[in-house]
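J.: Based on the provided sequences and hints, a complete structural model is requested.
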Amino acid sequence: MVKIEYPQATVFQISGRLDGSSTPQLEKSVMNSLEGNNKNIIFDFSELQYINSAGLRILVMSYQRLQPLGRQVMVCGVRDYISEIFDISGYNRVFLMCRDVSQALHTCTVMKDEL
Amino acid sequence: MQKEKHPITARFEFTLSPPEENQAALLAAIEQFGHVHALPEAYRYRLGLIVDELVTNSIVHGACKGIDHTIKVDILNQGKVLIIEIIDTGRPFDPTTHSLSQPCPEGAPIVLGGAGLCLVRRLANQMHYTRSKDHNHLVISLNKVPEENTYTWLK
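Each protein sequence line maps, in turn, to chains W and R.
Reading the first sequence from the start, the letters are residues 0 to 114 in numbering that gives the first Met the number 0.
Reading the second sequence from the start, the letters are residues 0 to 154 in numbering that gives the first Met the number 0.
By construction, these hints were calculated from the structure, which means they are not laboratory data.
Small disclaimer: the values here were computed from a predicted structure and weren't measured.
Be careful, since some hints might not be right.
Simulated restraints on C-beta separations [what the hints assert, rightly or not]:
id : chain 1 : residue 1 : chain 2 : residue 2 : range
1  : W       : V109      : R       : K64       : 41 to 49 angstroms
2  : W       : D99       : R       : S131      : 46 to 54 angstroms
3  : R       : A9        : W       : Q66       : 18 to 26 angstroms
4  : R       : R90       : W       : V109      : 47 to 55 angstroms
5  : W       : G15       : R       : A37       : 53 to 61 angstroms
6  : W       : D86       : R       : V59       : 22 to 30 angstroms
7  : W       : S20       : R       : A37       : 21 to 29 angstroms
8  : W       : N37       : R       : V144      : 19 to 27 angstroms
9  : R       : K64       : W       : H105      : 52 to 60 angstroms
10 : R       : H134      : W       : L68       : 44 to 52 angstroms
Some chain W residues judged to face chain R by a derived CB distance under 10 angstroms, without partners named [unchecked claim]:
id : residue
11 : G19
12 : S20
13 : P23
14 : K27
15 : M30
16 : L55
17 : S88
18 : G89
19 : Y90
Ideal placement from N, C-alpha and C gives every residue a C-beta, glycine not left out.
T.: Structure below.
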């Protein structure tokens, strides 16, 4: 997992598997980030090969923390075969789904300008 | 179920005892089974996710004090369909009764729990549950899918 700070968002790059055994590390890092600032969060899943409900739970927790503050949880780079679970769970309506990090960061900037 | 209609082209068997120590090995073995039998990526993902969620559910909610908790996973590759059988010694639990509702239905507050079983119910083509001789016995059929999915990104 790699964490990158931008002025408008914190990006978490996740590679490999996001399941019951790997989520505690990400959860800790995301929660630390949420304690420290109220920036948008971008999950870069372009190198993600597998995610289950434990991984999705972290996205939901982030959303529950940020949404009341008017911030966004953005998900980008999801592979086609994984995108299906965002559709069937309805999470694609909750998180902003972006093609890549550049598009997600641009969207953050546009949203800030519109406020 | 479709179990009797198609010849078996491959069989996978794995017993988890104790389950919590063997789950990662099970999932790795299923991924390997999918590669060996050239299952499409999307199909391998669905297969792994269904087994992962059901085994996790049995480990977290099914174990009873004083009872040897064992989970057995069989997968039959019948060409156009995979038959997944999960037999465990945990508490009686019928996943087919779990709500099909999305964890975040349109216009309603987002819900944290229950997403795993919802995904299983929506991904599986058929599910059949029985309870006999202190075992949960779940049979799931998963039809092979073409890799047609192309995601619509934020415009």
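J.: Determine for every hint whether it applies to the structure shown.
T.: Here is what the structure says about each hint:
1. W/V109 / R/K64: 41 to 49 angstroms: violated, 55 angstroms
2. W/D99 / R/S131: 46 to 54 angstroms: Between W/D99 and R/S131, where Cβ atoms are some 51 angstroms apart, the hint holds.
3. R/A9 / W/Q66: 18 to 26 angstroms: violated, 46 angstroms
4. R/R90 / W/V109: 47 to 55 angstroms: This hint holds: roughly 50 angstroms between Cβ atoms.
5. W/G15 / R/A37: 53 to 61 angstroms: At 22 angstroms between Cβs, range violated.
6. W/D86 / R/V59: 22 to 30 angstroms: Given a distance of about 26 angstroms, which is inside 22 to 30 angstroms, the answer is holds.
7. W/S20 / R/A37: 21 to 29 angstroms: At 27 angstroms between Cβs, range holds.
8. W/N37 / R/V144: 19 to 27 angstroms: violated, 41 angstroms
9. R/K64 / W/H105: 52 to 60 angstroms: With a Cβ separation near 54 angstroms, R/K64 and W/H105 satisfy 52 to 60 angstroms, so the hint holds.
10. R/H134 / W/L68: 44 to 52 angstroms: Given a distance of about 48 angstroms, which is inside 44 to 52 angstroms, the answer is holds.
11. G19: holds, 6 angstroms
12. S20: holds, 6 angstroms
13. P23: violated, 14 angstroms
14. K27: violated, 18 angstroms
15. M30: Given a least distance of 14 angstroms, the restraint on W/M30 is violated.
16. L55: holds, 6 angstroms
17. S88: Holds: closest Cβ of chain R sits about 6 angstroms from W/S88, inside 10 angstroms.
18. G89: The hint holds - W/G89 has a Cβ within 10 angstroms of chain R, the shortest such distance being about 4 angstroms.
19. Y90: Since chain R brings a Cβ to about 6 angstroms from W/Y90, closer than 10 angstroms, the hint holds.
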